[in-house]
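Participant: With the hints as extra help, turn the sequences into a complete structure.
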Amino acid sequence: MKVTIDGFPIEVEAGTTILNAARMIGGDIVPPAMCYYSKLAGSGGKCRTCLVKVSKGSEKDPRPMPKLVASCRTTVMDGMEVQNITSPEVIEARKGVVEMLLINHPLDCPVCDQAGECHLQDLGFEHGAAKTRYEFDRRTFDKIDIGDKIQLHMTRCILCYRCVFTADQITDHRIHGILNRGDHSEISTYIQKAVDNDFSGNVIDVCPVGALTDKTFRFKNRVWFTKPVEAHRECHTEGCCGKVTLWYKGEDVIRVTARKDEYGEAEEFICNTCRFDKKKTADWVIEGPRKISNKSVISANHYETLKPLPVVKSNPLLIEANKEQFERETRL
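Note that the sequence shown covers residues 66 to 397 in the working numbering.
These are computed hints drawn from the structure, not numbers from a lab.
Keep in mind it's a predicted model, so treat the numbers as computed, not measured.
We treat Cβ as the ideally placed atom computed from N, Cα and C, and that holds for glycine.
Any given hint could be a false lead.
[Unchecked claim] Beta-carbon label-pair distances, calculated as ranges:
id : residue 1 : residue 2 : range
1  : Lys280    : His301    : 22 to 30 Å
2  : Cys174    : Asp233    : 12 to 20 Å
3  : Tyr328    : Ala180    : 16 to 24 Å
4  : Glu200    : Lys125    : 44 to 52 Å
5  : Leu172    : Glu352    : 35 to 43 Å
6  : Thr197    : Ser358    : 24 to 32 Å
7  : Arg198    : Lys132    : 20 to 28 Å
8  : Ala365    : Lys125    : 44 to 52 Å
9  : Thr197    : Lys125    : 40 to 48 Å
10 : Gly329    : Glu251    : 33 to 41 Å
Facilitator: In C-alpha cells:
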C-alpha cells in the first residue's frame, strides 16, 4: 500500500498505522506519541497527541476524513494522503492537547528526575501555549511507594496506561491499575508497596513523564551531568535480555535502564536484578558510549568515542593556548 505523509510517499504493508508509516520515513514528520508503545499490545489512543489530518482517504474513496484522527490507531489505505506538520489545523489541535495534558501536571521540571528525558517537556516546548486558560485548582495526590524501589507521583501522571499494559503483558500478575472514573481516575494499588514482580522496574522506563520514578536514583543527579554507556551481562532471569544502558557519574554507576530507541521506547525489557542490584562496572561487559541525539540535553556531557578528540589537532600557534584541552584529553 502506498501512503503519502507530508509529501513523502512510502510503501507499507496492509494493517500498518499512520504513526508507524511516519516512523519508517523518520524525521520531523513523525507525530509525537505519549501513550503509544510499539512493544505493548493495545497501547495508544489515550493521549491524542498524535492527531493528524487525512486529506485523502484512499484511491477508491478520495474524500478527506471529516475530523482529525489518532495516527497510532488509524491504519493506512492505498493512496491515502496525510498531513502532520504541514497542516495548521493539526498544529493548533496539538497545542490544545498539550494544554489539556498540562492542566493538572505540576511545574516540577526543576526538581523532577525525568527532566531532560521527559516527552511531555519536549512536547510542551514544541507545541505548548505560553500560558494556560485553566483557572481551577489542580488535582493533587500524596506520593506513594508502589514497590520497594518505585515511587508514584500521581500528580504528574497523564493516564497514558503504559505502566498498566506493561504489568499486564510482561509480568505474571498485575497489582496496580486505574482506580475511580472521569477526572478522579488515578493509577494506584489497594496495598502500598505491593508491586514486587521481577520485572516491575520496567514501569519506570515506559512512563513518559516523571510519575513513576526510581527511588535508588531520585535526586542523585541530573541526566545531562551523566554519561550513558551501553553494556550487557549474562542474566539468568527468564525473559531478561541483559542489555542495558549504564549511567555514569565519574566512576560510579548511578542508574541502570533498558536501552531505548529514538522514540524513547525500550528495545527489550530487563529484570529488577539488572536494574537495581548490578551497579558496579565489574558486573557488566562495556560495549561503548551510547549514541545520543545532538538535540538532547544529555549530549552536552557525552562523547561518541571513549577518547574524545582534541579541539586543535595540528596548529602549533594554538597548541599552547589549548594546553588545558590537551591535558584533559590525556586524563580521559
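Participant: Which of the stated hints cannot be reconciled with the structure, identified by number in ascending sequence?
Facilitator: Numbers 2, 10, in rising order.
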